[in-house]
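Participant: Each chain is listed here by its residues.
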Amino acid sequence: MRLPQGPRRLYERWLARRLPAASQIVLDQKRIFIFPTGYGFFYLLVAALLFIGGINYENNLILALSFLMASLFLVAILHTFRNLSALGLRNGTAESGFSGEEGALEVVLFAEQRAHHCIWLRWPGQDAQQVSVLAGEEESLWLNLPLARRGKIPAPRLKVESRFPLGLLRTWSYATLDHYCLAWPRPQESEDCPADGGKNNQRAFSSGQSGNEEFQGLRRYVPGDSLRKIDWKGYARGRGLNTKLFEEPVGGRLWLRWDKLEGLGDEQRLSILCHWVLELDRQHQPYGLVLPGLTLAPDTGDVHRWRLLDALACYPEF
Amino acid sequence: MARIYQVPSHTRLWLTLAVTFCALPQLLKGPLWQGGLFALVVAIRALVNRQRMALPGRIIRSLLLMGAVALTFYSFGRLYGPEAGVALLVSLFGLKYLEVVSQRDAYVLLVLGFFVCATSLLFSQSPLMFLYVLLCMVLLTACLAGINHSDTRASGMQHLKRAGIIMAQAVPLMLILFVLVPRVAPLWNMQVGNGKARTGMTDSMAPGQISELSESSALAFRVAFDGDMPPPAERYWRGLTLSHFDGRAWQQAIPRGMDEAGYLYSGRGPAPDWVDALTAGRSDGTSYAYQVIVEPTQRRWLFAMPVPFVSEGGVSLARDMRLVANNPVSQRQSYQVVSVPAATRRLPLAAEEKALMLSIPDESGRRARGLAQQWRLESQSDAAVVQQALRYFRQQPFHYTLRPPKLVADPIDDFLFRSRKGFCEHYASSFTFLMRAAGIPARVVVGYQGGEQNSLGSHLLVRQYDAHAWSEVWLEGQGWVRVDPTGAVAPERVERGLRAALEEGDSGDALGGIQLDGFAGSGLLGVMREWADYVDFRWQTWVLSYDSQLQLSVLSKLLGQVTPLRVAVTLMVSVALLLGLYGLYLFWRNPVHSQSPMEKEFWRLHQRVQGCGLALSPGVTPSQLAEAIAGRWPRAASPARDWARYYQRALYDPRQKASKQQMRHLRGLRNRLYKLLD
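Protein sequences appear in the order of chains A and B.
Counting in this note's numbering, the first sequence runs without a single skipped number right up to 1517 at its last residue.
Counting in this note's numbering, the second sequence runs without a single skipped number right up to 682 at its last residue.
Because the hints were derived from the structure by calculation, they are not lab data.
Take the hints with a grain of salt, since some may be wrong.
Claimed, not checked - Quick list of in silico lysine-lysine cross-link-like pairs, DSBU-like style, CA-CA up to 35 Å:
| # | chain 1 | residue 1 | chain 2 | residue 2 |
| --- | --- | --- | --- | --- |
| 1 | B | K604 | B | K664 |
| 2 | A | K1428 | A | K1443 |
| 3 | B | K165 | A | K1358 |
| 4 | A | K1351 | A | K1229 |
| 5 | B | K165 | A | K1229 |
| 6 | B | K165 | B | K33 |
Unchecked claim - Here are a few chain A residues that face chain B, going by a calculated C-beta distance under 7 Å:
| # | residue |
| --- | --- |
| 7 | Y1238 |
| 8 | L1249 |
| 9 | N1259 |
| 10 | I1261 |
| 11 | F1266 |
| 12 | L1267 |
| 13 | S1270 |
| 14 | V1274 |
| 15 | L1277 |
| 16 | R1281 |
| 17 | R1362 |
| 18 | F1363 |
| 19 | P1364 |
| 20 | G1366 |
Glycine is no exception: its CB is placed at the ideal position from the N, C-alpha and C atoms.
Please work from the sequences and hints to get the whole structure.
Facilitator: The following block contains the structure:
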């Protein structure tokens, strides 16, 4: 059921005001909605039919049965509500991705008061995921997030829903976690590397020469070093995890520069820079990045690549 | 495409149990094939659940369905009506169970289960049946909880426990609703007759009929008095008056020239003059108010003491001072009566009525007639004739027995002058005949006499063996007067009941093989019987007959004045209060991190030391605590260090958890330490 545009916007605004975003949310009665399910209405109809039957047959026990069904329903309201109440949600980590693909956000559910069974978490337009959290424990859940554009993609409003224990009532809440997923620019190939400081010209690199590095020695592996530079043979011989060091390329450090791509749109520039970040990373070239307002010194490795990609995603607000 | 079974495996057992338990009352009562069908369904289902076979296809299921419908028609001759309808519903319930695949199917099955539970209550309304239905409801709720719990980790017992908790909270709420929700009049009338012949009175009296009844200890009705109870000798429950005698049997009759409309008054329309006459006597002398709960008789007549006044609908007053139900009593029924014995003298005797009450067949009882006429000549008044007759029964060698010899030629003369052994019906019959022969209007009354008192509920229990027949004679100025000739022969029958009469009399032959089980079976069994009867009686008076009238009186006791607004507010408030109470219980924040015994041990010492005036930081470790104590109280230094060392060993030693013995030792160390402080 979709509301027309006008009332819908009003409703959204009301929801946003009532349920503001936060990095940690504990569901309380202000946030929880409850309403009978279709089956709940059916159940009440059956209770009503039994009531009429009891009246007509002048049978007090059938009447009592219908009252019992109604009472079960009333008690179920409390139990259903209780299942969602005091459930906590907070930000977990995020998995970035290229724009046009999917990222993922981790949502951590924690139960400080009591166990919460069969909770469904859903982002609009996606399949729900089910999770149960036992008292005093935490469960984390990865939810996929389509990345439609480059930048910080905020977590959409999360719908938390439960029909436990009897399925007669549905209780739900909306949680807007103050959480985002970074969408890196979609890489766009280009002939010219928008870099300077290379050996002489950029064409030499695009042909993919990787033999121009001189092996210098080994040092102990430090988290963040590129996996490709690990001395795997030595590791296999039992010498521990070491990283191969190479002498700096003759041409010195490469700087990928934003202002080398004059005349192109911002997104296109970022896409081309992204392509070259990936390409240079593949070639184990130390590279740096110069964006308006941000300069990242040349380096290699996964952590370096991620830092650059994140910078490209966040542009222009770092 | 094979469908995937979505009902979680931990719920299957509950589903099977719920289906079986819900259907069981009908299976026990219904035709045999239904039990077979159910056994087949449960067996198939068990195999399917263990993946030994595939779920039967649509064709097989349709065949089973058609077979069930055809067999229902074959067994009952129709598909509608209570019995056939319920049988069909239960069959469909079983077949639905066969095809449960998805959660939706399970939902439908459970709703059918609620209906099946309700139909069980249609045929039996005993407290045990209701408890049984509550059990079924717990199982159905467990199923609901189970199919909504899609965690594979869940265990079956969890569902039952949860259902039990929810049910335990729902039952008090149900009681509130039961008491307070207004009862509405039936929208249309439906009656479930169970079509069974019952023991009870018939509408004529031939020799031998009542003595047959007296062999049954089945319950006839119960009476709960509101106020004084009449003495045992006054407890005559009139059922029918028989005024036509054909020489053998007495029958009901309406005087010539009177129609039934004038003979029965249902409380609607203008009251006939005899009703006005009786009503005028309503405040004459003592009166007894009581409630009668009558067992189903399939007849219309009801039982009451003379002269009965009722206020509720559905019951009419007849001209012969008895009550008649508008519909045959097919279920237990209760009615409130106020009896005023003295009002009987207000009733006039119409000429056509008098003619009927004097009629006797010409050819029977020739000697008896002679005897009656002789008394007539010897006596001054009608009352004297009655006394003469009673004296005759007392003085001649009459015997009271359940097994009278067969009367051959003329029942009246044969009994009065030859056999002289008989039961109440013989005495009533011959006495009435004698009175009529002497020119006194008389009739036979059949009903029940006496009743056993339940000491717990102080209600009377009238059983079939209390069936009795006596006479009424019409005396000028007194109206209809009850005369019980049996009382002249066997006074203990009237005073103390049939059993006493037979035990004192010729019990040897009379009681041969007859079991008269009342409460008198003393000892534990008797007490248990008394209790069972008390529960049944209370169930009847408080639960089953809780109708709009009773509700009104209960509500007016609770609320004072009963207005719809007040009832609605009371209902809302009490439901809200109870739910609020549950809410408090359910949402009570119990701290998840309760202190372990070891933690408590530490904090006790910590608090004590602080109480003695030593400031400690909350993050202090046991050894720091010990050092702090040692610094302040040098005397306590070594016990404190001992305590800390022992504490740490007990807490951190991975080889063993702190045992009870260790805890005791720690406590001892701590207490010794206390003495060294301050």
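Participant: Can you give the numbers of the hints that this structure goes against, from lowest to highest?
Facilitator: none
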